[in-house]
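Asker: As you go down the protein sequences, you meet chains U and X in turn. So the mapping is simple: this note's numbering equals the position in the first sequence, first residue as 1, plus 314. So the mapping is simple: this note's numbering equals the position in the second sequence, first residue as 1, plus 42.
One thing to keep in mind: the hints can contain errors.
Claimed, not checked - The calculated DSSO-like cross-link candidates involving lysine-lysine, where the alpha carbons are at most 30 Å apart (straight line), are:
hint : chain 1 : residue 1 : chain 2 : residue 2
1    : U       : LYS554    : X       : LYS204
2    : U       : LYS486    : U       : LYS418
3    : X       : LYS50     : X       : LYS204
4    : U       : LYS418    : X       : LYS266
5    : X       : LYS146    : U       : LYS418
Please keep in mind that the hints were generated in silico from the structure rather than gathered at the bench.
Given next are the chains, with one letter for each unit.
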Amino acid sequence: MKLLSIMRRDKWAAVCFTFLSAVIAAGIFAPWFAPHPPEEVHMELRFAGASWTYWLGNDHLGRCVLSRLIYGIRPSVLWVLAALSASVAIGAFAGFAAGYFRGKTDVLLMRLCDVMLSFPGYVMTLAVIGIMGPGLEHILIAFVLMKWAWFARIIRTSVLQYSNSDYVRFSKMLGLPGVSIMIRHLLPVTLPDILVVSSSSFGSMILQISGFSFLGLGIQAPNAEWGMMLNEARSVMFSKPELMLAPGIAIVLVVSAVNFLSDSFQRMLDPRLMSSRPIRLKQGFSISTRLKEREVA
Amino acid sequence: MKRYVLGKVVFAIPLLIIITFLAFGLNHLSPVEPAEAVLHAQGVPEITKELIAETREKLGMNDPFLFRYGSWLLDCLRLDFGSSYVTGLPVWSQLGPAFLNTLKLTLVSMAAIVGLSIALGVGSALREGRLLDKGIRGAAFLLTSMPPYWLATLMIWYFSVKLDLLPTSGMDAWQSYILPVAIITISYAGIYFRVIRSSMLGNLNEDYVLYARANGLLELLVTKHILRNSLQVAVSVFGMAIPVILGSTVVVENLFAWPGLGSLSVRAILSRDYPVIQAYVLILAVTFVFFNTLSDIVNAAMNPKARMDR
Chain U
315 MKLLSIMRRD KWAAVCFTFL SAVIAAGIFA PWFAPHPPEE VHMELRFAGA SWTYWLGNDH
375 LGRCVLSRLI YGIRPSVLWV LAALSASVAI GAFAGFAAGY FRGKTDVLLM RLCDVMLSFP
435 GYVMTLAVIG IMGPGLEHIL IAFVLMKWAW FARIIRTSVL QYSNSDYVRF SKMLGLPGVS
495 IMIRHLLPVT LPDILVVSSS SFGSMILQIS GFSFLGLGIQ APNAEWGMML NEARSVMFSK
555 PELMLAPGIA IVLVVSAVNF LSDSFQRMLD PRLMSSRPIR LKQGFSISTR LKEREVA
Chain X
43 MKRYVLGKVV FAIPLLIIIT FLAFGLNHLS PVEPAEAVLH AQGVPEITKE LIAETREKLG
103 MNDPFLFRYG SWLLDCLRLD FGSSYVTGLP VWSQLGPAFL NTLKLTLVSM AAIVGLSIAL
163 GVGSALREGR LLDKGIRGAA FLLTSMPPYW LATLMIWYFS VKLDLLPTSG MDAWQSYILP
223 VAIITISYAG IYFRVIRSSM LGNLNEDYVL YARANGLLEL LVTKHILRNS LQVAVSVFGM
283 AIPVILGSTV VVENLFAWPG LGSLSVRAIL SRDYPVIQAY VLILAVTFVF FNTLSDIVNA
343 AMNPKARMDR
């Protein structure tokens, strides 16, 4: 479909997409890919360098770094993706309701979003962890609760563009129920926008959630997670700085692939960005930069 | 304009009430009973039912919810946030200095971010599509994909350990600012320079630029005019950035042992020191709403179009 045609035109996007698919597959089927159990301790192999049995060496407890890296995909990427999907789903639900029914529903939902967006997301996440205690699931819950309003806003704007178009009005006149209009006629046209806004959040979410684990507020030992592996490596960074490399590079690769893919989705869907010279931008700057700039909040 | 300002301020009031309510109610959502948490934090060896009941009475937790909320709110207005469960000291005596330290870090970083974003944004906009533009965007792309804490650890390792140039932690001299500010600047300037860049690019095609050039105005002066107009967008963005950075220095502060809010809050979370967490959330949320409202108003004052929004 459209995704495939994007891939055909943009080779780098195809590379990023393949890479991310491979990472996700490796995470799902971690037991088949990992050469060793991730929590298997070998005190005699502490800080061992790379070898044929342990490709990336061993950590401070002699555990296989490669296996921990592969198992770490689950909390660092897969669970973040799950939380993102949940948040986008709630946002889409609210956004569709507000954009399609308009009137009172719209005012109510958008006021609620205003309130939600007036809270500092990062601080609220810390507050949730502070009350419920450290743990990956608490961070993910906090993220879902804090982020949906942002998605609802964008998706509503996208729905509004189409909800007044002739074909939607025609379906309404034919007496089609609202739900089926939304699913069959509005969802397909707004899907690209939803894809852009969610993919542009994905990268920063991976960074933030691994940051919480790095601080010891996220997933707890002995589970493998990239941020936590970096935290463990930090305590020996003066003697064994090379332990910082593997998890750090893994995060950089995944996040830059996600960001690159998100940028190329945006370029495909917003042709104005392709050549900013001939066409004047509305209000001086485009949606995509606005996304980026609010996203950090 | 008056109506707009009034509307914004009126919208902020219910927000502040919700925030205080949330901050106060946080305690009641916790899986651990507050009285029990107090006893744990004080290191009481054996926690009996009687002891919990006694502590509850002492902390006034048997009073009605709204009554406690009211008296708590009045205390907060006098900067009395109760005392820490762990140290027993008043919360404000810890939080106040920490807030100032974080504010210092934020303001210095903010100055660096504004300077760097404008320099990079203008540079890449004027050389759009050429080597400089591509180089800046490529570097920014790479740096914003890096976890800030990883970059920070690598920089500590290189500059503080290997070259022994900068202190690894603390805030003793001006040198202590360099690394934390660099990390915060890198992670935000890489995003904000894009705003300046696209706003510059938008302005480049305006009629007044063509007119100025047709009149033979010096290119430097033309750039000055474009920059002035582009900065209007940037002001509101930067206004929003202050509270965001204030609230997200947590990782950097912990890495560099900066005695600020970030270090304090993580310590409080790990030891379940609820009054500190409560006060932290309250203060940052109020600051956030304040700056949000302020930047909306400044934005509207500068740009009449924004007043029409809703």
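Asker: Which constraints among the numbered hints does this structure fail? Numbers only, ascending.
Answerer: 3, 4, 5
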